[in-house]
Amino acid sequence: MSRDNNSIPALLDPTQIGFPPGRHALSDPNGLLAIGGRLTPAWLEAAYRRGIFPWYEEGQPILWWSPSPRCVVFPQEFRIGRTLRKLLRQQRLSVTFDRAFGRVIRACSAPRSGSDGTWITGAMLLAYEEMHRLGHAHSLEVWRGDELVGGLYGLAFGGVFFGESMFNRIPNASKVAFVHLVRELELWGCPLIDCQVSNPHLLSLGAKEIPRKEFEHLLREGLSMPPFQQPWRSVWRYE
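First residue of the sequence shown? That's 179 in the working numbering, and the numbers climb one at a time after it.
Worth flagging that the hints you see were computed from the coordinates, not collected in a lab.
One should not assume that every hint holds.
[Stated by the list, open to error] Pairs of lysine to aspartate or glutamate, EDC-like flavour, derived with a Cα cap of 20 Å:
#: 1; residue 1: Lys386; residue 2: Glu364
#: 2; residue 1: Lys386; residue 2: Glu255
#: 3; residue 1: Lys391; residue 2: Asp206
#: 4; residue 1: Lys386; residue 2: Glu399
Construct all of the structure, not just a fragment, from the sequences and the given hints.
Here it is in structure tokens:
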């Protein structure tokens, strides 16, 4: 790992896992910390435990980020608004955990409206599917009958859940997924959900921004907790 000055990201040695402190991340682009490394389970776990995540486009080297402010959700503070509560009562949907991880991450990787590209590259797909096989990555699926209409995926280490991406094929399906994720994690004692970078959709769901230093402190506390022991097999049905 090398760095000439604070205006360029660190260059990582792919033969040795190591990241610079998050405070060394650039302010422009916000959070860019390092380039290189690998997408193996060991590299990914080391990164997430330091509040660092990969985010890059096909054809680029692996880029690692630690933005400030950081977008998070505190499950114990999460409140479902009246409109969303009404939506949950009206939808005839089923919600499951870890029933279709591969389908969920591929749906998340599809180009969004107005965009031809995706940051979930082929290498990322393979890496997170391996994390799922190892029990670190999890999905939540929203079904209408046998049709997958929404969902999300992320990783869990210690008592912290790291959200990665969500999708919907019918209006508000991703909101249904997110609400159930937060409610279940609250029951399991999760103190922090990392949402990485804020956007209007996340903020509308109760996410908030906090400084990197505060996030890293909360992350250390959450990682010191025992991992979730409950099986990721809960099912909810709205008929």
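Now for the hints, and whether the structure bears them out:
1. Lys386 <-> Glu364: holds (17 Å)
2. Lys386 <-> Glu255: Answer holds: Lys386 to Glu255 is near 11 Å, not above 20 Å.
3. Lys391 <-> Asp206: holds (18 Å)
4. Lys386 <-> Glu399: Holds: Lys386 and Glu399 sit about 19 Å apart, inside 20 Å.
Against the hints set out earlier in the document, no violation occurs for any number.
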